[in-house]
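Student: Reconstruct the complex from the two isolated chains, following the hints.
Read top to bottom, the protein sequences are chains G and S.
Each position in the first sequence, counted from 1, maps to that position plus 157 in this note's numbering.
Each position in the second sequence, counted from 1, maps to that position plus 494 in this note's numbering.
Treat the hints loosely; a few may be bogus.
[As the list claims (entries may be wrong)] So the derived list for chain G, only partly shown, Cβ under 10 angstroms to chain S, looks like this: (1) ARG254; (2) ASP287; (3) GLU290; (4) ASP293; (5) LYS318; (6) MET332.
To be clear, the hints were calculated from the coordinates, so they are not data collected in a lab.
Note that beta-carbon positions come from the ideal geometry of N, C-alpha and C, so glycine has one too.
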Amino acid sequence: MQTVKMVVTGPFNAGKTEFIRSVSEIDVVSTERKISSVAERKMKEATTVAMDFGRITVDDDLVLYLFGTPGQRRFDFMWEILSEGMLGFIVMVDSSRPETFREARSILETFHAYAPTPYVVAANKQDMKDAWEIEDMRHVLRLDSSVKLLSCVAHDRSSVKAILLELLYSILAKMENGE
Amino acid sequence: MALRGNLRDFTITQLLNLINLAHKTGALVVEGPSQTARVAFREGKLAYAQVDQEESSLATVLHKAKRLNLGQYRSIQQRTAHISDKELGLLLINAGYLSQDDILLNLQQYYSDIVQRLFTWVEGFFHFDIDFLPPDERICVRMDLENLIIEGSRQLREWEQLQDEIPSLDMSLKFTDRPGANLRNINLNVEEWRVVSYINPRNTIRQIASTTKMNDLEIRRIVYGLLQAGLIEITRSENAAPQVPTVRIFPTEDKEEQKSLVNRLINRIRSL
Numbered sequence: 158m159q160t161v162k163m164v165v166t167g168p169f170n171a172g173k174t175e176f177i178r179s180v181s182e183i184d185v186v187s188t189e190r191k192i193s194s195v196a197e198r199k200m201k202e203a204t205t206v207a208m209d210f211g212r213i214t215v216d217d218d219l220v221l222y223l224f225g226t227p228g229q230r231r232f233d234f235m236w237e238i239l240s241e242g243m244l245g246f247i248v249m250v251d252s253s254r255p256e257t258f259r260e261a262r263s264i265l266e267t268f269h270a271y272a273p274t275p276y277v278v279a280a281n282k283q284d285m286k287d288a289w290e291i292e293d294m295r296h297v298l299r300l301d302s303s304v305k306l307l308s309c310v311a312h313d314r315s316s317v318k319a320i321l322l323e324l325l326y327s328i329l330a331k332m333e334n335g336e
Numbered sequence: 495m496a497l498r499g500n501l502r503d504f505t506i507t508q509l510l511n512l513i514n515l516a517h518k519t520g521a522l523v524v525e526g527p528s529q530t531a532r533v534a535f536r537e538g539k540l541a542y543a544q545v546d547q548e549e550s551s552l553a554t555v556l557h558k559a560k561r562l563n564l565g566q567y568r569s570i571q572q573r574t575a576h577i578s579d580k581e582l583g584l585l586l587i588n589a590g591y592l593s594q595d596d597i598l599l600n601l602q603q604y605y606s607d608i609v610q611r612l613f614t615w616v617e618g619f620f621h622f623d624i625d626f627l628p629p630d631e632r633i634c635v636r637m638d639l640e641n642l643i644i645e646g647s648r649q650l651r652e653w654e655q656l657q658d659e660i661p662s663l664d665m666s667l668k669f670t671d672r673p674g675a676n677l678r679n680i681n682l683n684v685e686e687w688r689v690v691s692y693i694n695p696r697n698t699i700r701q702i703a704s705t706t707k708m709n710d711l712e713i714r715r716i717v718y719g720l721l722q723a724g725l726i727e728i729t730r731s732e733n734a735a736p737q738v739p740t741v742r743i744f745p746t747e748d749k750e751e752q753k754s755l756v757n758r759l760i761n762r763i764r765s766l
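So that you can see chain S by itself, here it is in the shape it has in the complex (with noise of 0.2 angstroms):
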């Protein structure tokens, strides 16, 4: 079934999560504004990755890594170009060059480097697919996905609290009743000014986003900011309806009653 949208709606972090939970095995393609990227994952593990067709070749990761020196690099280039990552791994252990955990820690680095780009992709689309495989020739490692997700998280951890702090932009703003308060005596960039300026009772923070053009994130890091410096509060929007008593939940406060009057829902909706 599918496992593929958007990646507006999902960040990397909610799919690598999700990915890691499921011990899924497959690729997810991430088609990015200018690049397609596919990481391979096996039973939750990270195995493989590559963006587009960029060269990532052992020899190519090992050059990058500063492993081989470019007269080695181009040097195998000429004379190994026919055989597999996995026969030229194998050459430059029994020749001593380098042992095989130096091989697997640098295609680690460079898959989790890649997989850290695409942190940073926040348009484009990713569907999850099952059938695909890494390439033969090339080497595949075993990662756990734990430290990645952690890496992507703390880039969204800014967005989270936000979020925490402002947990709806439905809410209005009003300027805090300080009498010291004085707005003149306080540096506020052109952005927070246009900002304060719609701050009203009656306009919800999403208004004054619209108004002002900003996305979710703009707005709240400076409402975030005129909060914590105790300029203004949030408050229920004036538009908004009034509350009306607390109703209670059961029409009687006899808890056989109460059971009693969920068995027959029971047996009503089965009936239906």
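Isolated chain G (complex conformation) (with noise of 0.2 angstroms):
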């Protein structure tokens, strides 16, 4: 059996493990632990502390495992560990909240850092009224148009595909480029 991963990142609270959550055909394996800062506890229960991991089977000879990283800096220990050997990464960003663009920004440049794989940026939240637009979103994130930020609705399963497609089009690029 073949194994390939691609890890989703990005800040606290951004929507990673529902991302996976929308594709994975088995129950997302995650290592939620309740949360202890009052701070964070306002915004969710629990928090994602290792990693969540989904799987999606393509045949009876390969598979691709989705691999979500804990979103507190205070667990960043992970993230190289996570990122090793992947295809290609996805930063989740909070539309609504945006006093972590700058935390996803740096995230964003720390696994570029850790492997040059090819990766979008997914604006969740697109539907909460709050949400920032793609274009503002793009200038704060020092973001150029060679770099896909595509809306997104973690909890919508057809918005999941769309992430993971534009991510595959762009490692398929990528290679017919000779990079």
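Tutor: Structure representation (structure tokens):
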């Protein structure tokens, strides 16, 4: 059995676990723990401390694994380990929480430094009324026009599929360019 | 859609950059700790600025810029209280007191001074109001934002340089192995000594900052100084997990097989 993996990363509460849950054929193997910080607890009850793990079986011989990273910086020692051997990565950004954009940019740079593999940025929670416009986010995240910044609603399977496909198209394009 | 947030997360420089690049029209409303500023833009150019109810009539601007003396200023206020700035500007030009360029340059200076003041606001909230229009009686300018952004960037430069030098606070510090170095012969201030006392590969910089009650900028400044003095070096935290060997991305080395694999993934995702 051959396996490949993609990593889903982003700041705390960006929607990484939800993203993987939307397409994984197994219940996401989540290592969520009850949140200890009062500030973080206001946002959600539990958070990923090691990784999320989802699976999509392609055929008898190939499986795609999706790894979700913990969002908080204090667990970033896990990031490098998770980035090993990844086909590409997705940076999730909560479009309605501009205070996390800088962190998202930093995470993107960190992962890109670990491995210069293709990536896409998913502007999640675009269904929320406070969501920033995609092009405004592009400016603030300092993404040039060649970087795919895509609208996303992580609990919507079709939206998640579109993100994964865009990442795969980028991977294929890079291979065809001989990079 | 929302363009709002907190100044702690977005600097004025970043906001101006966004407005400039996106050619936005509307007003950036910044609610600082004690004042509220409204800065209007047309297609990404600075058009107008005001702070709360601060007097910003043309006569006041010209008086503050010493282009009108106190007598002229009072006289204008008494005689032309009911006319707009545009009308006053025309009167001044026709009377030969000032040229159109004088008036516009002084207004540009006044509006850009307000924007410069905003760079010092680090606490507060902002939102972008696309419906805000400068008051009819005021004169608008059309000013590129680049120079204002550059000035703001200078103020941010120190912070960014420190971030570049010390990108992660989750690393640890250790004393350099220099046989000649003797801390007792080096002049450190109280804050630096407090940091030095916690230097240990088991403590991350973030933990030291937390214990010594320093913010990110303060701890970075001190660590940077100690690094430059060659007293300490950055090291991976001893509490971090060990590195694992490099893993291959594809299970095969053959390029065509790799492409085939990606195409299989694409087909599978499409069928989900």
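Student: If you check each hint against the structure, which ones fail?
Tutor: none
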